[in-house]
Amino acid sequence: MATLEIHDLHVSVEAENGPREILKGVDLTVKQGETHAIMGPNGSGKSTLAYSLAGHPKYTITGGTVTLDGEDVLEMSVDERARAGVFLAMQYPVEVPGVSVSNFLRTSATAIRGEAPKLRLWVKEVKEAMERLQMDPSFAERNVNEGFSGGEKKRHEILQLELLKPAIAILDETDSGLDVDALRTVSEGVNRVRETGQVGTLLITHYTRILRYIKPDQVHVFANGRIAESGGAELADKLEAEGYEAYTKGGATA
Amino acid sequence: MAEAQNIPSGSTTTGSIAVAAESTVATRMSAPPSYDVADFPVPHGREEEWRFTPLARLKGLHDGSAAAGGPDLKIDISAPEGVTHELVDRADPRVGKAGKPVDRVAAQAYSTFEKASVVTVPKETVLTEPIRIAVHGEGGTAFGHQVIELGAFAEAVVVIDHTGDAVLAANVDYLLGDGAKLTVVSVQDWDKTAVHTGQHNALVGRDATFKSVVVTFGGDLVRLHPRVTYAGPGGEAEFYGLYFTEQGQHHEHRLFVDHEAANCRSNVVYKGALQGEDAHAVWIGDVLIQASATGTDTYELNRNLVLTDGARVDSVPNLEIETGEIVGAGHASATGRFDDEQLFYLMARGIPADEARRLVVRGFFAELVQQIGLPDVEERLMSKIEAELEASSV
Ligand SMILES: Nc1ncnc2c1ncn2[C@@H]1O[C@H](COP(=O)(O)OP(=O)(O)O)[C@@H](O)[C@H]1O
Ligand SMILES: [Mg+2]
Numbered sequence: 001m002a003t004l005e006i007h008d009l010h011v012s013v014e015a016e017n018g019p020r021e022i023l024k025g026v027d028l029t030v031k032q033g034e035t036h037a038i039m040g041p042n043g044s045g046k047s048t049l050a051y052s053l054a055g056h057p058k059y060t061i062t063g064g065t066v067t068l069d070g071e072d073v074l075e076m077s078v079d080e081r082a083r084a085g086v087f088l089a090m091q092y093p094v095e096v097p098g099v100s101v102s103n104f105l106r107t108s109a110t111a112i113r114g115e116a117p118k119l120r121l122w123v124k125e126v127k128e129a130m131e132r133l134q135m136d137p138s139f140a141e142r143n144v145n146e147g148f149s150g151g152e153k154k155r156h157e158i159l160q161l162e163l164l165k166p167a168i169a170i171l172d173e174t175d176s177g178l179d180v181d182a183l184r185t186v187s188e189g190v191n192r193v194r195e196t197g198q199v200g201t202l203l204i205t206h207y208t209r210i211l212r213y214i215k216p217d218q219v220h221v222f223a224n225g226r227i228a229e230s231g232g233a234e235l236a237d238k239l240e241a242e243g244y245e246a247y248t249k250g251g252a253t254a
Numbered sequence: 001m002a003e004a005q006n007i008p009s010g011s012t013t014t015g016s017i018a019v020a021a022e023s024t025v026a027t028r029m030s031a032p033p034s035y036d037v038a039d040f041p042v043p044h045g046r047e048e049e050w051r052f053t054p055l056a057r058l059k060g061l062h063d064g065s066a067a068a069g070g071p072d073l074k075i076d077i078s079a080p081e082g083v084t085h086e087l088v089d090r091a092d093p094r095v096g097k098a099g100k101p102v103d104r105v106a107a108q109a110y111s112t113f114e115k116a117s118v119v120t121v122p123k124e125t126v127l128t129e130p131i132r133i134a135v136h137g138e139g140g141t142a143f144g145h146q147v148i149e150l151g152a153f154a155e156a157v158v159v160i161d162h163t164g165d166a167v168l169a170a171n172v173d174y175l176l177g178d179g180a181k182l183t184v185v186s187v188q189d190w191d192k193t194a195v196h197t198g199q200h201n202a203l204v205g206r207d208a209t210f211k212s213v214v215v216t217f218g219g220d221l222v223r224l225h226p227r228v229t230y231a232g233p234g235g236e237a238e239f240y241g242l243y244f245t246e247q248g249q250h251h252e253h254r255l256f257v258d259h260e261a262a263n264c265r266s267n268v269v270y271k272g273a274l275q276g277e278d279a280h281a282v283w284i285g286d287v288l289i290q291a292s293a294t295g296t297d298t299y300e301l302n303r304n305l306v307l308t309d310g311a312r313v314d315s316v317p318n319l320e321i322e323t324g325e326i327v328g329a330g331h332a333s334a335t336g337r338f339d340d341e342q343l344f345y346l347m348a349r350g351i352p353a354d355e356a357r358r359l360v361v362r363g364f365f366a367e368l369v370q371q372i373g374l375p376d377v378e379e380r381l382m383s384k385i386e387a388e389l390e391a392s393s394v
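Protein chains in written order, with UniProt numbering: chain E, 1 to 254; chain H, 1 to 394.
Hints listed in this document are in silico derivations from the structure and should not be mistaken for laboratory results.
No experiment lies behind these values; they were computed from the predicted model shown.
Where a beta carbon is used, it is the ideal one built from N, C-alpha and C, also for glycine.
Each statement offered as a hint is correct.
Interface residues of chain E toward chain H, partial, derived using beta-carbon atoms under 10 Å:
| hint | residue |
| --- | --- |
| 1 | Ser-77 |
| 2 | Pro-93 |
| 3 | Val-96 |
| 4 | Ser-100 |
| 5 | Thr-107 |
| 6 | Ala-109 |
| 7 | Asn-143 |
The task is simple: from the sequences and hints, build the whole structure.
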């Protein structure tokens, strides 16, 4: 069973006046089949954690370890991490000019699965997955994220989640900017993947709203670059009622 | 209509739509068109038409110091039954009929070539196989002139391939009779040391259809002028261009579409990918709609994809409209970067870095190639792009 273990993770970014520490010792273990919600105010370092796990070059790891089934994730290149089973649904997915969604999905699936999926089965698989996410078939011919609405971008991220079947899925504010219908559709997509029991989910969010659709096993409050408190689903209710003030007071949040 | 996005530093994407009583396309040239090289001053580099070109790398084509010599250029023409091929003098009325040289290098070619080559497809002859012209250099310097003439209602595809190493100044005239259909694919697949300049003039007859596909991969410096004028109403011209400009290369395409006849159409789509230090692509798209050209429908587009730092694009669309009675006129130019965020996104989906770059370039060009509408040409171009991608450090 796949296990992602984050231990005492410290991460810096290059700011104008030198390196600035954003993550200040994160400890977290996510096992296949589990769902962990990470909730925190803007600027607390949630995306930094997500990007650092995926290997974005902007973030420098200054301390700590990340392992996937004992393998050192921090040693792996970005594509190696993805092939090892780490998937990041991005808060701000990137436009890629000249590359169609269908070409992108197939190239990606080929890389992740280690062989090109059989064409006929693949076409069917993509078509069905798109239908479930209420995506128009013409979508496949558009360039990746080019001119996509916010909701389309997020559906496209979850489409990839469904097709690539990672061991660990990090969903960075997949709920932000979605209307209720889109939120439901996207959440259902996440739940389909979760129900396989094959994925460990790190659900990063600013709002409690998505937790009505996706029930976490654990909730972690993220503040000032570390996990400030962990608990069960009831912790989300407390945050809903009281907000983040208790955690940010005195802490430096941007 | 004009758009400019994500312009990498050191690049320009400027556009203009001018509504003018008198064309500036002609007046901003340093000398009026002429067949005689002596009518053009030696350029110093600051002229409008030369300001992007590294003159020193023209190997003397611009100042008269280049002389024909060295190993002969090999020109191999293979044509289906019914097509004639002859070598003629400058005095032949077909030579230069499609357009006068517009700069000194084109005039130099016109003034210097010994014999012009004329390929003729008789009227109403519809070819099922392409005419192939293979131009291969082995290090020599040459001046040439090629005429492709299609009689009324003739139809042909011509593929011109340039390979090897040469310093070549050669103009090409395309003469299309009424209702003729000509597709020309000119591939510049030179060695990295070649210098190639040329003016490609098309004279499109009444209701005739001209399609130009220009593919530039090789050479140290390639500078081409694809141009069209319409001999009568109802003509149509399409210009597709594709360039892949790598480290140190200079690829310059200067288009001119002259709408004088009424009810003609033109469509220009040029796309380029650049990578490597000092890769430089220049695209000039001049479209002139004269007062007499009512019913004109025109669009031009240039897109560039900058894959690495150190590459430079100058993209200048220019549309001049002297009549309001047109169907449509537009232009767009955009230069975008393949940046670290795109690379990260693709890699985060398991795709290795080199494959990610290839994916982007292939897709970028495929969009254009699919518009050409000739399956065998499309296939050949895509496999050429594949080979180019394999060979390059992309
Ligand atoms: N390149 C950078 N330079 C300076 N500060 C940065 C940079 N990237 C992120 N930050 C800062 O790091 C903090 C955490 O950002 P982020 O991880 O995006 O937070 P969240 O996702 O929780 O909103 C913020 O204060 C942000 O301003
Ligand atoms: Mg964030």
